[in-house]
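Protein chains: 2
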Amino acid sequence: MARVLILGSGFAGLNAAKVFAGVKGLEVIIIDQKNYHLFQPLLYQVAAAALSPAEIAVPIRNIFSRYNNIKVFQGKVHKIKADTKSVLTNVGEFRYDYLIMACGARHFYFGNEVWEENAPGLKTIEQAIEIRRRVLTAFENAETENDSDKKVKLLTFVIVGGGSTGVELAGALSELSRFTFAKDFRNIDPKRTRIILIEAGPRILPNFSEKLSLRASRHLEKLGVQVRIFKKVTKIDVDGVNMGDERIEAATVLWAAGIQASSLNRQLKGELDSMGRIVVEPDLSLKHYPEIFVAGDQAHFSHQTGKPLHGIAPVALQQGHFIAKNILKELGDKPREKFHYIDKGQLATIGRNNAVLEIGRLKLGGFWAWIVWLFVHIYYLIGFKNKFVVLLQWASSYLTYQKGARLIVNHDWRFYRDDGLQKKRTH
Amino acid sequence: MARVLILGSGFAGLNAAKVFAGVKGLEVIIIDQKNYHLFQPLLYQVAAAALSPAEIAVPIRNIFSRYNNIKVFQGKVHKIKADTKSVLTNVGEFRYDYLIMACGARHFYFGNEVWEENAPGLKTIEQAIEIRRRVLTAFENAETENDSDKKVKLLTFVIVGGGSTGVELAGALSELSRFTFAKDFRNIDPKRTRIILIEAGPRILPNFSEKLSLRASRHLEKLGVQVRIFKKVTKIDVDGVNMGDERIEAATVLWAAGIQASSLNRQLKGELDSMGRIVVEPDLSLKHYPEIFVAGDQAHFSHQTGKPLHGIAPVALQQGHFIAKNILKELGDKPREKFHYIDKGQLATIGRNNAVLEIGRLKLGGFWAWIVWLFVHIYYLIGFKNKFVVLLQWASSYLTYQKGARLIVNHDWRFYRDDGLQKKRTH
Chain A
1 MARVLILGSG
11 FAGLNAAKVF
21 AGVKGLEVII
31 IDQKNYHLFQ
41 PLLYQVAAAA
51 LSPAEIAVPI
61 RNIFSRYNNI
71 KVFQGKVHKI
81 KADTKSVLTN
91 VGEFRYDYLI
101 MACGARHFYF
111 GNEVWEENAP
121 GLKTIEQAIE
131 IRRRVLTAFE
141 NAETENDSDK
151 KVKLLTFVIV
161 GGGSTGVELA
171 GALSELSRFT
181 FAKDFRNIDP
191 KRTRIILIEA
201 GPRILPNFSE
211 KLSLRASRHL
221 EKLGVQVRIF
231 KKVTKIDVDG
241 VNMGDERIEA
251 ATVLWAAGIQ
261 ASSLNRQLKG
271 ELDSMGRIVV
281 EPDLSLKHYP
291 EIFVAGDQAH
301 FSHQTGKPLH
311 GIAPVALQQG
321 HFIAKNILKE
331 LGDKPREKFH
341 YIDKGQLATI
351 GRNNAVLEIG
361 RLKLGGFWAW
371 IVWLFVHIYY
381 LIGFKNKFVV
391 LLQWASSYLT
401 YQKGARLIVN
411 HDWRFYRDDG
421 LQKKRTH
Chain B
428 MARVLILGSG
438 FAGLNAAKVF
448 AGVKGLEVII
458 IDQKNYHLFQ
468 PLLYQVAAAA
478 LSPAEIAVPI
488 RNIFSRYNNI
498 KVFQGKVHKI
508 KADTKSVLTN
518 VGEFRYDYLI
528 MACGARHFYF
538 GNEVWEENAP
548 GLKTIEQAIE
558 IRRRVLTAFE
568 NAETENDSDK
578 KVKLLTFVIV
588 GGGSTGVELA
598 GALSELSRFT
608 FAKDFRNIDP
618 KRTRIILIEA
628 GPRILPNFSE
638 KLSLRASRHL
648 EKLGVQVRIF
658 KKVTKIDVDG
668 VNMGDERIEA
678 ATVLWAAGIQ
688 ASSLNRQLKG
698 ELDSMGRIVV
708 EPDLSLKHYP
718 EIFVAGDQAH
728 FSHQTGKPLH
738 GIAPVALQQG
748 HFIAKNILKE
758 LGDKPREKFH
768 YIDKGQLATI
778 GRNNAVLEIG
788 RLKLGGFWAW
798 IVWLFVHIYY
808 LIGFKNKFVV
818 LLQWASSYLT
828 YQKGARLIVN
838 HDWRFYRDDG
848 LQKKRTH
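Protein chains in written order, with this note's numbering: chain A, 1 to 427; chain B, 428 to 854.
Bear in mind the hints are in silico, worked out from the structure with no lab data behind them.
The C-beta atom is built at its ideal place from N, Cα and C for all residues, glycine as well.
A couple of the hints might just be wrong.
To be verified - Computed, partial: chain A to chain B, Cβ under 7 Å:
1. Ser52
2. Ala54
3. Ser274
4. Val409
5. Asn410
Said to hold, decoys possible - Using 27 Å as the maximum straight-line C-alpha spacing, the simulated DSSO-like pairs for lysine-lysine come out as follows:
6. B:Lys638 x B:Lys649
7. A:Lys183 x B:Lys618
8. A:Lys183 x B:Lys451
This is chain A alone, in the form it adopts within the complex:
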């Protein structure tokens, strides 16, 4: 019996496993550090207190419970033994006939890893809950602060990185402060919140066309977000951000800038690009190991256009599906095919009622792009109940301007050590 080992259950890994579900004579093992598949495109809504974590995450083993040929283990990979075709994890060693690596990427601080403490990224549920805690706590602390300088600092939110995550976070924070919090505070005016989006390059949303990126910029400014381009962050500390000579005092700094592919890539023979992605063959396999495939954010695939594909959900979904189909072909003694990405376009939402959309030559911004964004995200969200609950949360939040998950949840669960409110300035 052939065995396929899938590392990671993001869009690529999950979609590959779905192809294998119920296939006879094939054993599939999925290994992930988490027990759930996370619908990453909506993670910023958890950070912005609009959705609960469980609404955008489903237990992996539950998705495949009906298929006995699929086994799921929660574990962490220690070593890829490519020459002997096995993977060593903290829950044992697994041999494989085919290996699909889909471990994604993590945030990267370009060598300034110490910045993480004061500028969390947004890749995991834990990080989203932490960002939510920091944002909500900043408003709570501002309400009790009498010193006006400190109050301004508490109400200043800096987002580093003008890609989709940064733009979506900025839009969501603006909505939170201008609408949701409008009447909830007595000693502060949440509308005077400063949200500053910092981008090192010449424009935000660099993956979109210049026209749409300008449009997004203008709309963010209408929402009260200051967009700062050509600004490189040189220091982040507990009180704010430096950009060369310029200094912004801010109690909350969020990181949406650098990304680096899973460090497992470094264990494999093969060329890595500047983002740590491994260069794959036209069929997404590795040059030296044709039985190893790499998909999603972990892979550098540039055979189609000469430029590497972006790290977005449609790429990961198509690659996962393609790899699984190719493996089934080979097992049926047919030749492998080459991967061809079908561009389904790009979307980014900018607060309430607004989004940008680019599908091939179609470039759309504004309300109708936002409607498309809504339907695409609901459609791809896994699980009937999740779709329904998220729709309900959105409808309610759209009509009432309220958010469904405004909870400040602390790290420490122990009663005796938990001092409730985090002390000011220390987070």
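Based on the hints, put chain B in the right spot on chain A.
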């Protein structure tokens, strides 16, 4: 302008504030360590992965956003200065004309506070998430464990304390292992999970009549829960529980036994009972400080029947309401009244389709008691959307046997320090 200071926004504090909402010439300040009101009776469903935290919690300031005479501060109380009528907190000092103390209770380990690490209680959202993490992780670890003794230990869950919380947790864990997980694992049979409920006294649910308590016991045993009465826990460590000479090896131990009232009581002149509750006057005020009222789990009120009222939601709700009404009376130059508790009965659910109910002489067990339980809890749950979403989760979970929030969320949000899966046995 008179000022009422309310400490704590549980059932008592919140219900008092509601009476004051919009009353002219009266300023109300609510201080709570959390930014939300928690619907505590459903907290065990968060621990059992059935509900998300945000579904049973609402931001306090949002409840009162329309009422400008009510201010909410997130803060921690350091000192009650009863003689000068002020309260010192980490967010400043607040003077008051009337003080309502409604800070509730916390778990208590009878001097064995070190047990907490290996046997978390269930009073806060953080604790519920931690219990959920431990329970789900035990199943994940059992799936990868080859040693059969270790496997048995991982699938053994001990709950200490046979009150409502312990019984409800036991029922929910049984449902999880027998139905929800039935087909999700390949290397374990979740139905062979051992759930052991330990009670030091002669019977579980001691607040209910003997007949119902026996009935609950029998139903729990039908669900596969072992009920052990007259057993006193003498030691809890990382591998299990001792009860005198007897030892149970268990990877997961949960604490639902002792409770102690807020330690703020010790700052006040007045008699405390064995649970740390302060003895109050017939109008719920303190003997030496008629302007200080104490309500809910923090108060010992025995003027009505000679025995102290139980620490249940209806008592807290009625006391909070009563205190606020009495203050308004006094401000209107009318005499204070004495508190009289109207017994609305008691309810506890025992897994799917079963509950016990006691209202005065009416004693009911089984399916219809469970239906009453459902409606009472939905009715009292705050917020239209929360009611609707919780109903939906319950309906879906009832029909599909699935649970909506099966996420293992870790403590550490930092990417670089988070090692994903917790190591076995160390939690």
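Need the status of pair lysine 638 (chain B), lysine 649 (chain B): alpha-carbon distance at most 27 Å?
Distance ~17 Å between lysine 638 (chain B) and lysine 649 (chain B) Cα, so the pair holds.
Keeping to a limit of 27 Å between CA atoms, is the pair of lysine 183 (chain A) and lysine 618 (chain B) held or broken?
50 Å, violated
Report holds or violated for the interface hint on asparagine 410 (chain A), using the least CB-CB distance to chain B and a cut-off of 7 Å.
6 Å, holds
Restraint check for lysine 183 (chain A) with lysine 451 (chain B), where alpha carbons must lie at most 27 Å apart
19 Å, holds
Hey, does the serine 274 (chain A) contact hint survive, CB to chain B under 7 Å?
This interface hint is violated because 19 Å lies over the 7 Å limit.
Under 7 Å is the threshold here; is the Cβ of valine 409 (chain A) close enough to any Cβ of chain B for the hint to stand?
6 Å, holds
Does the nearest C-beta of chain B fall within a distance shorter than 7 Å of the C-beta of alanine 54 (chain A)?
4 Å, holds
Restraint: serine 52 (chain A) near chain B, CB-CB cut 7 Å. Satisfied or not?
4 Å, holds
The earlier numbered hints that this structure contradicts are 3, 7.
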